[in-house]
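Here the structure of chain E is known, so what remains is to put chain Z in place on it, guided by the hints.
Each chain is listed here by its residues.
2 protein chains.
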Amino acid sequence: MRSVCVIGLGLIGGSVLRAAAAAGRTVWGATGSTADSDAAAADGFAVASMTEALKRAADEDALVVLAVPLPAVDEVLRQVADVAPHCLLTDVVSVKGPVADAVARSAPETRFAGGHPMAGTSASGWSASTADLFRGAAWVVVADDDTDLTAWRAAADLAIDCGAHVVPVTADEHDAAVARISHLPHVLAAVLASCGADGGPLALALAAGSFGDGTRVMGSRPELVLAMCEGNRPALLAAVDDALGKLGAARGALASTGSLGATIRAGHAGRAKLVDIRSADTERVTVDLTGRDAIDELQLVGVQGGRVVAFTGDIAIAELPVLEH
Amino acid sequence: MRSVCVIGLGLIGGSVLRAAAAAGRTVWGATGSTADSDAAAADGFAVASMTEALKRAADEDALVVLAVPLPAVDEVLRQVADVAPHCLLTDVVSVKGPVADAVARSAPETRFAGGHPMAGTSASGWSASTADLFRGAAWVVVADDDTDLTAWRAAADLAIDCGAHVVPVTADEHDAAVARISHLPHVLAAVLASCGADGGPLALALAAGSFGDGTRVMGSRPELVLAMCEGNRPALLAAVDDALGKLGAARGALASTGSLGATIRAGHAGRAKLVDIRSADTERVTVDLTGRDAIDELQLVGVQGGRVVAFTGDIAIAELPVLEH
Numbered sequence: 001m002r003s004v005c006v007i008g009l010g011l012i013g014g015s016v017l018r019a020a021a022a023a024g025r026t027v028w029g030a031t032g033s034t035a036d037s038d039a040a041a042a043d044g045f046a047v048a049s050m051t052e053a054l055k056r057a058a059d060e061d062a063l064v065v066l067a068v069p070l071p072a073v074d075e076v077l078r079q080v081a082d083v084a085p086h087c088l089l090t091d092v093v094s095v096k097g098p099v100a101d102a103v104a105r106s107a108p109e110t111r112f113a114g115g116h117p118m119a120g121t122s123a124s125g126w127s128a129s130t131a132d133l134f135r136g137a138a139w140v141v142v143a144d145d146d147t148d149l150t151a152w153r154a155a156a157d158l159a160i161d162c163g164a165h166v167v168p169v170t171a172d173e174h175d176a177a178v179a180r181i182s183h184l185p186h187v188l189a190a191v192l193a194s195c196g197a198d199g200g201p202l203a204l205a206l207a208a209g210s211f212g213d214g215t216r217v218m219g220s221r222p223e224l225v226l227a228m229c230e231g232n233r234p235a236l237l238a239a240v241d242d243a244l245g246k247l248g249a250a251r252g253a254l255a256s257t258g259s260l261g262a263t264i265r266a267g268h269a270g271r272a273k274l275v276d277i278r279s280a281d282t283e284r285v286t287v288d289l290t291g292r293d294a295i296d297e298l299q300l301v302g303v304q305g306g307r308v309v310a311f312t313g314d315i316a317i318a319e320l321p322v323l324e325h
Numbered sequence: 001m002r003s004v005c006v007i008g009l010g011l012i013g014g015s016v017l018r019a020a021a022a023a024g025r026t027v028w029g030a031t032g033s034t035a036d037s038d039a040a041a042a043d044g045f046a047v048a049s050m051t052e053a054l055k056r057a058a059d060e061d062a063l064v065v066l067a068v069p070l071p072a073v074d075e076v077l078r079q080v081a082d083v084a085p086h087c088l089l090t091d092v093v094s095v096k097g098p099v100a101d102a103v104a105r106s107a108p109e110t111r112f113a114g115g116h117p118m119a120g121t122s123a124s125g126w127s128a129s130t131a132d133l134f135r136g137a138a139w140v141v142v143a144d145d146d147t148d149l150t151a152w153r154a155a156a157d158l159a160i161d162c163g164a165h166v167v168p169v170t171a172d173e174h175d176a177a178v179a180r181i182s183h184l185p186h187v188l189a190a191v192l193a194s195c196g197a198d199g200g201p202l203a204l205a206l207a208a209g210s211f212g213d214g215t216r217v218m219g220s221r222p223e224l225v226l227a228m229c230e231g232n233r234p235a236l237l238a239a240v241d242d243a244l245g246k247l248g249a250a251r252g253a254l255a256s257t258g259s260l261g262a263t264i265r266a267g268h269a270g271r272a273k274l275v276d277i278r279s280a281d282t283e284r285v286t287v288d289l290t291g292r293d294a295i296d297e298l299q300l301v302g303v304q305g306g307r308v309v310a311f312t313g314d315i316a317i318a319e320l321p322v323l324e325h
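Protein sequence lines, in the order shown, are assigned to chains E and Z. When we follow the UniProt record's numbering, the leftmost residue of the first sequence carries the number 1, and every step to the right adds one. When we follow the UniProt record's numbering, the leftmost residue of the second sequence carries the number 1, and every step to the right adds one.
I should point out that these hints are in silico values taken from the structure, not numbers from a laboratory. Quick caveat, the model's predicted, so the values are computed rather than measured. Just so it is clear, CB atoms sit at the ideal spot from N, CA and C, and this is done for glycine as well. Some hints could be false.
Derived DEER-like restraints, expressed as beta-carbon distance ranges [said to hold, decoys possible]:
no., chain 1, residue 1, chain 2, residue 2, range
1, Z, Thr-51, E, Val-322, 49 to 55 angstroms
2, Z, Asp-43, E, Ala-253, 37 to 43 angstroms
3, Z, Asp-82, E, Ala-238, 56 to 62 angstroms
Chain E regions said to be covered by chain Z (calculated; three or more residues, Cβ under 8 angstroms) [what the hints assert, rightly or not]:
no., region
4, 227-236
5, 255-262
6, 291-305
Quick look at which bits of chain E chain Z covers, simulated, 3 or more residues with Cβ under 8 angstroms [claimed, not checked]:
no., region
7, 135-141
8, 176-185
9, 193-199
10, 205-217
11, 241-249
The following block holds chain E by itself, in its conformation from the complex:
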């Protein structure tokens, strides 16, 4: 089993370190945060300086996992290029296009496949990390036309070892999708929380489930939310424009006819599709990773809402949801 070197030991990086260790991997980490470093060491994990950690990764052909916020990625990549320029590399940052650009810019000789585990909590830091954070979660591993399949497989193996399922998609498709289902929800939650607080103590005293649910993610640290959302600017702008159009249409219909029927029914249908895809029967397909169309076939799994759940030799075993609509 390949060793794993995690750079950044917050909630996600810490959880990767714990989960990989729990799966029997040799693991070590590095972080710029003294608090996270001390806490990880106190929990018995090997923590080194950035240079030492990357040097060991080069020596042992470990998989290096970037788990720092997007604004810190370039600086870490420059160190990777210095110390472990040809390493197997993945990341767990929430946008994939900008990270791929940074790798091409700062560490172009690495064997890289980007990643993004779709898991988290509103807490942050090593102290919030757990070995089972990723259990049953979707974990994107980018399969672009030029992705190195060895790197893709190394990242995918880690995801499976962490208890996740692998969603193979292009970086662009990933960024457009997470703008809709992760970044837009944060922006709308911020707007809702502001609108509620503007109603004063009475409004907040009356707030029940819908406001509590709709604003929950605003309990997260603003810096982390900002790094995530702002890093996906073009795709998020498109998603916000879509939301502005739909909210404007709702406003217009309510003002002119008094009806929100189209808005609420579309929302109900959208939520039903979420429930459907989570409870759908699945059909099994396989992708031969040695085949010439392997990347195309992997992309097709992702775009259909499918997940790679295991590997047998060079064969990826995927499950596709069987959807009625």
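Chain Z only, in chain E's frame:
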């Protein structure tokens, strides 16, 4: 203890019937839904025809509780005016101005104080009702300048018996507040669910906590959401305009400077205020319901985010949150 007659035996009406019975009240109900009627009777509750239920309420000077959707309120009120024209009357409909207008129009001789328990689930119907749905919840009982204090007290006593705390506010203040913290969250959840579903199976397959939380209320029946939101049209329009302005400002900032800082920080602060008010220390104040300024003093409790938690004779005991901002 005053008897209680509940008209409408869905989630809220059914839960009122159960909770009042559990508090030792004599209770009976009526509903136009055969399914709810059969289910309530099967659970051992007295269910009569609308006319019989209201006749008994008039005979026993019971508190009549309207628990039907807003579109059905006028028709029920006409029957109230026919059979129990002077009864003590409250309601549990989610908007207060339109119900007060309907009472003034259709049953003007009743002794009326509107109500709204801030509790619910995404399930509906008698089968979802429980005796403890209102435990610890806020329950608005409208205290307008012309509210009959006997009716206010009767409704407030029921709320306390159901385990809730009473929030006394004007109908207008209530409707503006719930537009922000209940109806706007439903509209934004609908917009978000549509935007997510438009991303296709891949987006839905990647959806994690923020999208799940932000769309949860779209699991509710569209007819109930529509009756609630559309019934509060003027106040909801104002809240939607506020949200459109804030979302447009976020869009502009992201496009021009790349920053969502103002949006996300305001949202984080708004969410923090919600958490603050829920965990705040409280100070105790009392309102003498026989005093000439009783209504003013009750309104002041509500507007500060306070709740009446008990009565001692004619004295209402209220708790006000002690807020730092």
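| query | Against which earlier hints does the structure fall short, listed by number upward? | reply | When the structure is compared with the hints, none of them turns out to be violated.
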